[in-house]
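J.: Residue numbers (the working numbering), protein chains in the order written: chain A, 1 to 502; chain B, 503 to 745.
Quick caveat, the hints were computed from the structure, so don't treat them as lab data.
Here are the simulated EDC-like cross-link-like pairs (lysine to aspartate or glutamate), alpha carbons at most 20 Å apart as the crow flies:
| id | chain 1 | residue 1 | chain 2 | residue 2 |
| --- | --- | --- | --- | --- |
| 1 | B | Lys555 | A | Asp311 |
| 2 | B | Lys611 | B | Asp572 |
| 3 | B | Lys555 | A | Glu412 |
| 4 | B | Lys555 | A | Asp425 |
| 5 | A | Lys427 | B | Asp536 |
| 6 | A | Lys210 | A | Glu243 |
| 7 | A | Lys32 | B | Glu674 |
| 8 | A | Lys40 | B | Glu672 |
| 9 | A | Lys427 | B | Asp566 |
| 10 | A | Lys32 | B | Glu672 |
| 11 | B | Lys555 | A | Glu401 |
| 12 | B | Lys611 | B | Asp587 |
| 13 | B | Lys555 | A | Glu420 |
| 14 | A | Lys40 | B | Glu674 |
Which bits of chain B does chain A cover? Going by a derived footprint, with three or more residues having C-beta under 8 Å, they are:
| id | stretch |
| --- | --- |
| 15 | 507-519 |
| 16 | 548-555 |
| 17 | 712-723 |
C-beta atoms are modelled at their ideal positions from N, C-alpha and C, and glycine is treated no differently.
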Amino acid sequence: MTSPPTFLGMPPFPEAARSAVSNPQLRHNLRKATHTIRDKRAHVVGELSDWAELRAAGAAIKDRTLRRLDEYLLAAEAAVAAAGGTVHWAADAAEANRIVADLVRATGETEVVKVKSMVTQEIGLNEALAAEGIRAYETDLAELIVQLGDDLPSHILVPAIHRNRAEIREIFVREMAEWGVPAPPGLSDEPAALAEAARRHLRERFLSAKVAVSGANFLVAETGTLVVVESEGNGRMCLTLPETLISVVGIEKVVPTWADLEVFLQLLPRSSTGERMNPYTSMWTGVTPGDGPRDFHLVLLDNGRTDVLADTTGRQALRCIRCSACLNVCPVYERTGGHAYGSVYPGPIGAILVPQLRGVATGKVDPQTASLPYASSLCGACYEVCPVAIDIPEVLVHLREQVVEGGGHRAERAAMRAAEWVFDDAKRLRTVQRVAARSRRLLPRRAPGPGAAWSDSRALPEVPAQSFRDWWVRERGAPPARPPAAPAQPPVEKNRIEEDDR
Amino acid sequence: MRVGLFITCVNDTLYPRTGRAVVRLLERLGCTVDFPTAQTCCGQMHWNTGYGKRIEPMVAGFADTFAGYDAVVTPSGSCGAMIRDNHPRAAARAADPGLSARVAAVVPKVYDLTEFIVDVLGVTDVGAYFPHRVVYHPTCHSRRLLGLGDRPTALLREVRGLELVDLPGEEECCGFGGTFAVKNPDVSTAMGADKVRHAAGTGAEVLCAADNSCLMHIGGLMDRQRTGMRVVHLAEILASTAG
Ligand code: SF4
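Build out the structure end to end from the sequences listed, making use of the hints.
T.: Encoded structure:
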């Protein structure tokens, strides 16, 4: 069993979503932020005439790499070692956390600075380090806001997207002193003032830190080079100033060559921040005497990924380059925010990645995880924007099948069976239509059972007096174009009005 | 040309007037249409809820019922998309080894109503009259999976008396999503409420789409919120005439 990339104690999605949906401030913040960035993305993507080709190339490179992942990982390991780095393999979160904690302890330090990284959140590294007496300081502005606010991230790229300026100011004023340089007196909620407060707070951190922990966006196998793409430059400070650098990287981040990297460095910034080129692209390869960290460690993390790889439909989730474009266009995410997904990976990609990492196919996951594949209307907006063409709706439906096979829900299973019985034979459908039409005045205007909540906010349609098929047969008297196959015996009495069924 | 109508179980049972409009419209355009009564359901609800392994009889039923037609026309974007995208997938893993070939034979002949009129019949002016202010909501499956593009609006623009107004945020899902509306009622309602707000803001009297499932959801919300707007299937607008 792999460690959960989920927030402990979260309720299933529909329940968590209910409170989010009824929070107008949250919905306003989210709508504004996601629409701004989605419009920006659409604009810069529209500038490229070869976007479709780039997208296909990105998907193809990732697929090819995933098919021969073992080879590329071994090549990357050899290259990192040749460049003076040390490679560690971690099967799960606990192992990765232990490796990092041991490495930090070996330096004699009790503090580390961190580059924004999804994978270290996935494994709960900060908490694991804290348990070992090591304090991890987030240096990305949004991560800093989340950390100071003792909050949970709610977006892949902008973890504090659910916060507005006034809330951020309040967090800074209240918490910064506890963690280091305090907020300046009279701090306003102007973006420039907030950024300046963060800058002062972080600078002290960068200059004193001896150990840094990062993730990586890419790992180029041919040279063992790691790549971090960021907007603020905080990551670059962490990657160059400390003496020891520890990078935790999921095994799916490998790309074979620099020529492959070129494709992703075009796809990623346009998809994620709506920029033509990202401001800071940092690359590091092992150690170089007199330049940068003296000691470099790469922790390659599995944590469920090889299981995902074994599923030929689900594995496309491993192509993800964490651009967050799918979150920004998702109508469900827009109304619930990231916390409702109960995971560090929210939105459409979270809905397909988290259940897979946690093993939904085994049927042993909790109700929260099992609710995630249903957190979508299958509108397809996520697939449309995904720069590596992950067919998220296809994977969602695939995972729903796995939830159903793991037991599903009793009432739903019964309803589906009944519907099958009706739809497998046109005569039965006609009988049911007629019973419904004859008893239409008696039918409730509120749906029974699980449909009740649905009909509470929407008027149900009235059942018409005559189905289309009855109209057609009466008007045209046409016999069926295809004689129905010999019908199974229906377990209910044959309806009297069926005589014109021929 | 023998045109087989796939009216879909939802239209057949709850919206027979849409099916009648399709018949009226296509016959007016000179087609010989037939409704093979052996048809039932495309299996979309089962497929999307995770019961896809159980729809083999529905997939086989569809392929066999419509095997003999030159074209199969349906007034539902999501059912059309279900057949095109997922019937081949379902057939590929079916127990019946011959099913894939039968499905592959019928799928290329399946058209959404608007595709059939514009691409096959080569018509955009269907001779309709509908004197109302209308917004068109391109449902997700019509737009993204079937790729109907501007065919529906091209048809609407030729309707006499009709004033077509743009729907802000038209590309956003209305929140129905089949069983999504049941499993996530709060999010579904919030999405639908935004759709209704955008539609009402245009001052249109009617919202139309090429799928009654989405219209049932949007119309149900309009009803409860007393917006004074109503929903009408695109086929019914195209079928209506002055007389
Ligand atoms: S799934 Fe696609 S769109 Fe979503 S974060 Fe990953 S790469 Fe970006």
